[in-house]
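Engineer: Chain by chain, the residues:
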Amino acid sequence: MQPKLSDFLLYLPTLLVGARLTILLSLATFCLAVVIALLVALGRLSRFRLLRAVLTVYVEFIRGTPGLVQIYYIFYVLPVWGLTLDAAMAGVIGLGLNYGAYLSEVFRSGIRSVPLTQREAATTIGLSYFQTLRFVILPQAFRNVLPPTVNYFLSLFKDTSLLSVITLQELTFSGMLLISTTFNSFVILTEIALIYFVMCYPIALLSTYLEYRLHRRSRRPGWRVMWLRMIPGLTRA
Amino acid sequence: MFGSGTVVRRSVLLGIVAGAMAAMTAGAQAADDTLSKVTASHAIVMGFYNEPPHNWVEFTGGGYKGMDYDMAAAILGKLGVTQIDQIAVDWSGLIPGLQAKRWDMLAVGMSITEERAKQVAFTTPIYQYGSALIVPKGNPKGIKGTDQFAGNKIGAILGSTDADLITAQKGDLVAFKSHPEMIAGLKAGRIDAALADETTAGYANVVSPEPDIEIMHDWQGKAARPTGFSVRLDDTAMLKALNDGIAEIKKDGTLAQILEKYGLTADNIVQ
Amino acid sequence: MDKTPIVRVERVEQGYHGVPVLRGVDLTVSAGETLAIIGPSGSGKSTLLRVIAHLVTISAGRVVVDNLEISNPKVDLRRLHQTVGMVFQSYNLFPHMTALRNITLGLTEVLGRPRAEAEEIARKFLRKVRLEGKENAHPDELSGGQQQRVAIARSLALNPKIMLLDEVTAALDPETVKEVLVTIRELAEEGMTLLIVTHEMGFAREVADRVVFMDGGVVIEQGRPEKMFKAAEHARTRAFLEKVL
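Chains as they are written, first to last, in our numbering: chain A, 1 to 237; chain B, 1001 to 1271; chain C, 2001 to 2245.
No lab work stands behind these hints: they were computed from the structure. Certain hints may be false.
What the hints assert, rightly or not - Where chain A lies over chain C, by a calculated footprint (3+ residues, C-beta under 8 Å): (1) 2025–2034; (2) 2080–2090; (3) 2154–2162; (4) 2230–2236.
Just so it is clear, CB atoms sit at the ideal spot from N, CA and C, and this is done for glycine as well.
Please model the complete structure; the sequences and the hints are all you need to start from.
Structural biologist: If you want it as structure tokens, here you go:
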């Protein structure tokens, strides 16, 4: 079967509807994951032993079980126990809890990498715990965690395809449904890959740009330079 | 920068929590008896596995299609249902979703088996069909039936009765998520043969002819399997209503018409 | 000179992970006094400053700073931190903030001053430490001596009654040590109460009203600089001074 441009255009609207859901799910999940990760990271760095223990169990449990199983569990098993979340909610919460656990480790090490002497300096000028966090610790931790956090977002963006198992017709599932109806897997799979790439590439670009910028505050490269930098071998790092 | 961002994220979380609580309340209030719910609302939600000719959705806007969808629509119409909503899901999600009350009924050409009957309540058998044995052109491994399964890689859809048959016959099971993936795997030499729903295999080959494969409708060990609709185990009123409807469409010729429309015959009806 | 005691340290003991660092320190400081605390490494000098700044908690004894009993768990820490300013060996400026913001942070967030007023105060103190024009520089754009003077200005801007200086010149290049010492001398002359932990014996001799020698977690001997450097009573003091002078 010869791939045809007309097929490509025929499937595009359906796939773009899926892509829209992929974007919405990624953003909602990421917001939730960042909130969870920040609270978990702070909790695990607090002096409350019980809180630390509970949060450690949460992180290790999430890291020790497949994300697919967690999502499946929330959607298909929790309703049997009386907790029915709609598919989008179940997906965002399931994936958010998952990425929240991983991101919390990134945030935790980011916060720990800020020297203790910074906290002491903040204490001696009279800042409270929350003021110290807000003005001194988190802004410095933010720089450390920004590049890995953007990478996690990139990974999360593609992992929203896991949510196809709970009936969410995001980009991958939309494509799979098209394939099972039309059997035109070559065109559709190519199209899915291209759409993902077109959406992910700017994020990857942003990640490289931020990494570069954060390490050289005074010299900011233009976007054009960054574009070239993304092509291996073209410029020396 | 960090401070103002936290406020926005907090409101998102609050929204999520509020939505979750609303969803929980709604779930708790839903009526348990599907029949009274359906007759009151004139609407039903079914889960389906997108696979012609059983069930599929026409992506260009033609709505739901398929022999099982048509049968369900004919029967539910008699119960006063005017609106059928379907949710597409992986084959392995059909039964868990029914149990989780994500949907209230399955009309997906599912074979009635003992194992499945422990999880869901099947209607009386509606129609029966078997599997096709699909091999590469020329059948290089000489696979003519279950006797040759041992030592060969045989493909089947994940969770299907074909998969159980292959395992029982000591074949080397390779599970696929969809028919097109399985055919691609066969053509790529990843499997030596495949078992597939004969309706699916036939229909797929009409839509997208594959010169490199052979579809065998008659093979050693083939068994036709009766299929039925299914509901939750405790949903007895709905089950009885569906059984009554099935008897009716068998009797008045509607079922035979539907089967013929999708390439099967009245011989496939389980009397 | 006003002789009201502003810091009273009584029989203070403190340890890290069970290893005793302070073994019963007694010290009284009068308002406006300049104290140089000297002694070998590990003698507990820095820990004593950290006790007074409430960065570490004590295991026994009593500490009163400007009528605040800081060994009391219910002490008003906010008031304590406004009373006591501390400058560290490694400056500990906030690297993500400009010199000006380093100074205004405490003014706006702790003392609740409006931004414009805080910046005016910060500029005044930057002038005082001779760093006008460096308002918008980040710490990594400043030399060690300049950073240390920003750190001093950061503390001074909060109008403390007592300044604790913990080996503030130890990490500096020899040529920048002098500019920091000039700033400290000016503070002493203005009547600020200063507790200076230092290895700069010449500076201690010149600036201090009193020199305190610590060793092994206790105060061995104290007195006027001329007496301490010329005729110390204790053999340990003399042995230490012989080694460093």
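Engineer: With a C-beta cutoff of 8 Å, work out whether three or more residues of the segment 2025–2034 of chain C approach chain A closely enough for the coverage to hold.
Structural biologist: Our answer is that it is violated, as 0 residues pass the Cβ test (under 8 Å) against chain A, missing three.
Engineer: Using C-beta distances, would you say chain A covers the segment 2154–2162 of chain C, given that this needs three or more residues below 8 Å?
Structural biologist: Contact hint for the segment 2154–2162 of chain C vs chain A: holds, 3 residues under 8 Å.
Engineer: Closer than 8 Å, Cβ to Cβ, for at least three residues: run that test on the segment 2080–2090 of chain C against chain A and report holds or violated.
Structural biologist: holds (count 7)
Engineer: In terms of beta carbon proximity below 8 Å, does the segment 2230–2236 of chain C have 3 or more residues touching chain A?
Structural biologist: Per the Cβ count (0), the hint is violated.
Of the numbered hints stated above, those contradicted by the structure are hints 1, 4, listed in ascending order.
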